[in-house]
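J.: Next come the chains, spelled out residue by residue.
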Amino acid sequence: MKTNARWLTMVAALLTLPALTACNPQEAANMNAQGLLYCAEGNPESFNPQLVTSGTTLDMTAAQLYDRLIEYDHRSNRYVPALAERWSVDESGLRYTFTLRDDVEFHDTAYFSPSRPLQSEDIVFSFRRWFEPSHPFHYVSGRGYPFFTASGIHNLIESVDALDERTVEIRLKQRDSSFLANLASDFAIILSAEYGAQMLAAGTPELIDQLPIGTGPFRFREFRKDVLVRYSRHENYWREPAASEQLVFRITQSDHKRMLMLLTQDCDISPYPPARDVEWLQQRDYIKLQAAVSPNTAFWAFNTERPPFDDPLVRRALAHAVDRDALLRAVYFEHAVRADSILPNTSWAHHPLPEAYTYDPELARELLREAGYADGFNMDIWAIPVQRAYNPNARLMAERIQSDLARIGVRATIVSYEWSTFRRRLAEGLHDSVLIGWSADHADPDNFFRPLLSCSAKLSGNNRAQWCDPMFDELLDAAIRTELLTTRQNFYQQAQEYLATEVPLLPIAHSVRFQASRDFIEGLELLPFGGIELRHARRLKPDQAPEQANAKEHD
Amino acid sequence: MPRPNLYYEERMPSPLERVWLEFRRNAFAMGALYLLSFIIFLSVFGPLLTPYGPNQQFIDAISLPPAWSTAGDVRFLLGTDELGRDMITRLIYGARYSFALPLLVVLISATIGMLLGAVAAMTVGVKSSTLKHILDVLMSIPSLLLALVVIAITGPGLSNALLAIGLVMIPQFLHVTRNAIHDERRKPYVTASRLNGVSDVYLLTMVFFPNIVRVLVIQFTIALSVAIFDITALGFLRLGAQAPTPEWGSMLAQSLEVAYVTPWVMALPGLALFLTLVSVNLVGETLRQAIQKQLEQ
Amino acid sequence: MTRYLLRQCILLIFTVFALTLFTFCLSYWFTGEAMTNSSGLFPDHPDYADAFAARAFDRGVVAQYIAYVQHLLHGDWGRSLLDGAPVFEQLKVRFGASFEVIFFVLLLAWIPGVSFGVLAALKPGRASYILILGCSIAGYSVPVFWLAQLAILVIAVHLGLTPIAGQINPLYEIPAVTGSIVIDIALAQPDNLSGAYLSALQHMILPIIVLAVMPMMLLIRLTRNSMLEVLTKNYIVASYAKGMSTRRVVWSHAIPNAMQQVIRQLGSLMSLLIANTLIVEVIFSWPGIGNWLVRSIFERDYPVIQGGLLIIGLLILVSHVLLNLFHAWRYPQVRKDLYASS
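One line per chain: the protein sequences are A, B and C, in this order.
When you line the first sequence up against the working numbering, it's residues 973 to 1527, in that order.
When you line the second sequence up against the working numbering, it's residues 0 to 296, in that order.
When you line the third sequence up against the working numbering, it's residues 1492 to 1833, in that order.
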């Protein structure tokens, strides 16, 4: 054995020497110039955006695998055609008619070959899946449709019907000024009805969400949990095909690890660089840093179903106990503004109420005394384990808040799980309080209230405060019934004032969203709303001859 | 060794003295011994020496480098971390968590393990070598792995990690003690004592113990170094001591986020841990050699 | 030898029995239902009732244990509580990845370890003694997670020499069949084969070096001590007296005999190495068992914890017995020793 071992080590040493001396990863990475490496923050919960609200999953699926009927163009602030080449609304505002493009192909993969292009049947199939409980796929995957339930549009839609192969009609029960915005959101994607039928016949309906088929610029190839998600280009994409042949999401939970991976070229794109490193990254000329004002809010939600947080006095006390300006410095490194309302400052309905959330430990102690907790209490703070645009480092924020709370006699422990577990337990309402946030799916202010704090959001498990107040819901409903901007503004103002007295959550910050990439990546855009689009992104440098590396390994 | 010298009587140094002599001969070992005493001193009196609290945050002094660098501040000799906490204070407090607590745990499990081992050796007296071999092999499963399993049962946390390490160490001491007594059992001096009709307790404490103490001392130092490593490794994996606790392993884990911008925050707890482990291992090694030499004489 | 082989087999069976008994008991010690903990099926799962009967949870503990072992033998190691994926399938792939690292580390540690150890023994003296002692104590004491981070900062980030995560540049599409990237590349036969191997080596080099430090330092010391002991033996003196060259004496008499002691210690070396591998896998995002095990402890994914513990335990037990056997085969005198000692 000894001689064998020696011999093997010699071989290994010979093989490794060139790797150490001759070659560095830059060259190795360029060998596959046709691919993109994207550092993602966690495992996708599903490959169907209808089922989720987590930005991590949306980034990885919505814009890559699927398309929507219409899209929102943030430059012109208008809705633009996508799968639907045109649409119309009748006078009552209740009947929408969409005409589909005729050149949209579904993905052709190892597990499914489409026999026909996109037809209205697919739209009906996809929409009915979430609003019609009798749909064969409605209960498949058993996750519910949190976005649709939370925003209430599953109750809004009267019917979705195919008028002919290329025309779809959607009827609403009542007028809704945010309907188109919801259709343009990342969640309203179109699945293949043919694939669905095939999976149903095969007795494996749940595969529709695990081995996805869509019309998007990339098609699914492989998913290794905790390691990677691999897509390849959809050659028959109805728009210009994607610029990169391959797209790989590497799954890395820790943000510092992703930063390092960007530096060592283990990744080309790192979506949410930690705020503390933004300045440092700006100084590197091989890193491209993009920033966008994105409508988002980080907040600290209290579980209003659990005592003592069912008492608004306690919630107000906690809100006054936190020094949010210090959080902005320590966590966001000033790449954010203080949030004085749940609604971001970019929104037309923004109505700040700073005095409701000022830092005042004295007042906080007094409120606690008033509520009967003069000696404080023990509580949990759940901190999201991933970095989102709204919160680059929830754990650090939790530590800060922990020491702030200690000052008013509240003893907090910090809790965190892996992202998908975290979300599941959160939806079950097992938390005392949670540091989380929300990034807008579309530009309508309703998107900030209804999915977060309405009673229907509570049912869908998206209401982190477990807060259900009929009065608040009434305000939201009233605001959505009209197209008149001033009336809506008025209602939303009342809603924000109501939140300031009830404090189901403490708004913390609206942050700037960053995206870091290597300098040789081009065509990367940072959109203010929704997920990341990668279909234009590609490596700039031409393919470096693979022969170079060949020669090295064999010498 | 009688010598024909009437006026000068050479005194055989006592075993303890010989160990001391062995240390004196080796400058490294002496250094390690001093370092170890210093760490013990710090873990006992550390809080009296530090100017700040371990979790006291200075908002005006975030991520300061050590004082000798140009950007440093004399108030913070070894700099501050990303929350503006004084590094030197946290390191000193860390000695309690990363050194003193494992030491206590090993002491407790050593006591329990040795007692049980002695009882096992005196009562059961299993003669089968197969059992010994089975235990030998099972003992070779790394303690960290077993500690991970205990944590899986109890959940993460410093006290659970300590409990896990303690539980894992007990059978090792038990096994070593039992084997050591077992090996001595048939030796003539033991038989002689038995023939004298001494009690079991006397036999254990006065006959066996002095002769197996060297094995136990060696096992103790090994166990201590393993326990320190395991505690910090668990802290590093975020399964042991949790966030604000200045335990070296969890300090390291937290420092990773800023390691490339402020490398000292990562380097220092690791260095402290490294030096502690080196001194424990070096002291253990020197003890082992001293005892080896005594045996050879 | 046959008798010794039998003895070792019995030893293996007994230790494996103890190990499976332990992992079986874990189902009861973990919070929650034992049935769910060992099978990974929640009570609302459609197969729950069948599995309940198959795992004999309606009968006594002994029957349950037997059913548990039967399931293990059939490759049914339960399902992950998180995503319902079969544990055994994942373990196979992850074991390959972990084993690959351990294998290469031992290879990398072995050659320099033994050769420096021999050299040190041939040039005895206080300086070499102190150097060896210092290096080995340092190498043994340095916390591997700290060393790994230093290596990442200096070698990978600062000097930009190596990547820091995973087994290979993921743009090479290598399906994980065995988990060992070297074998998987050979199986996948990508277009750019040498490029793929190069990328794999670059990914492997840093974790392997970090892990190899400790065993290498220990091997140097072990070899040196054992060589020094052997060199004082009579047969060495006799060989010199016969007029054999130093080279021949060392090469064909001293080293083989010195190796006996070294091989004897390899078992405990393996245990230390495996513990370190668990941690280093987490740091380098290596898709091995350690990485998975640590994750599952956070997630309380009990079937995975049991599976991971079992397979690492098995690896250690089997390698111990194999080492014993090799030792006894190569050094027949050991067999006698082993019978004699009780």
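No lab work stands behind these hints: they were computed from the structure.
Keep in mind that a hint or two might mislead.
[Said to hold, decoys possible] On the chain B side, residues computed to face chain C include the following (Cβ under 7 Å):
| no. | residue |
| --- | --- |
| 1 | Val43 |
| 2 | Gly45 |
| 3 | Leu47 |
| 4 | Leu48 |
| 5 | Pro50 |
| 6 | Leu134 |
| 7 | Met138 |
| 8 | Ser139 |
| 9 | Leu144 |
| 10 | Val148 |
| 11 | Val149 |
| 12 | Ala151 |
| 13 | Phe273 |
| 14 | Asn280 |
In this text, all values refer to a predicted model and were calculated from it rather than measured experimentally.
Beta carbons are placed, not taken as given, at the ideal position from N, Cα and C, and that holds for glycine.
J.: Per the CB criterion, is Gly45(B) less than 7 Å away from chain C?
T.: With a minimum Cβ separation of about 21 Å from chain C (threshold 7 Å), the hint on Gly45(B) is violated.
J.: Is the hint on Leu47(B) kept, meaning its closest Cβ partner in chain C is under 7 Å away?
T.: Since chain C brings no Cβ nearer than about 28 Å to Leu47(B), farther than 7 Å, the hint is violated.
J.: Tell me if Val148(B) is really an interface residue toward chain C, meaning its C-beta lies closer than 7 Å to one of theirs.
T.: Because about 6 Å separates Val148(B) from the closest Cβ in chain C, which is inside the 7 Å limit, the hint holds.
J.: Was the hint right that Val43(B) lines chain C, CB cutoff 7 Å?
T.: Violated. Min distance 23 Å.
J.: Are Leu144(B) and chain C close enough, Cβ to Cβ, to be under 7 Å, as the hint says?
T.: holds (6 Å)
J.: The hint names Leu48(B) as touching chain C; please verify it with the least Cβ-Cβ distance against 7 Å.
T.: violated (25 Å)
J.: With chain C as the partner, please determine if Ala151(B) meets the hint condition of a C-beta pair closer than 7 Å.
T.: Cβ of Ala151(B) sits 5 Å from chain C, so the hint holds.
J.: The hint names Phe273(B) as touching chain C; please verify it with the least Cβ-Cβ distance against 7 Å.
T.: holds (6 Å)
J.: Given a cut of 7 Å on the nearest C-beta pair, is the interface hint for Leu134(B) held or broken against chain C?
T.: violated (9 Å)
J.: Using the nearest Cβ pair, does Asn280(B) come within less than 7 Å of chain C?
T.: With Cβ-Cβ at 5 Å, under 7 Å, it holds.
J.: Min Cβ distance, Val149(B) to chain C: is it shorter than 7 Å?
T.: violated (9 Å)
J.: Let me know if the C-beta of Met138(B) comes in closer than 7 Å to any C-beta of chain C, holds or violated.
T.: violated (9 Å)
The structure fails hints 1, 2, 3, 4, 5, 6, 7 and 11 (numbered hints given earlier, in ascending order).
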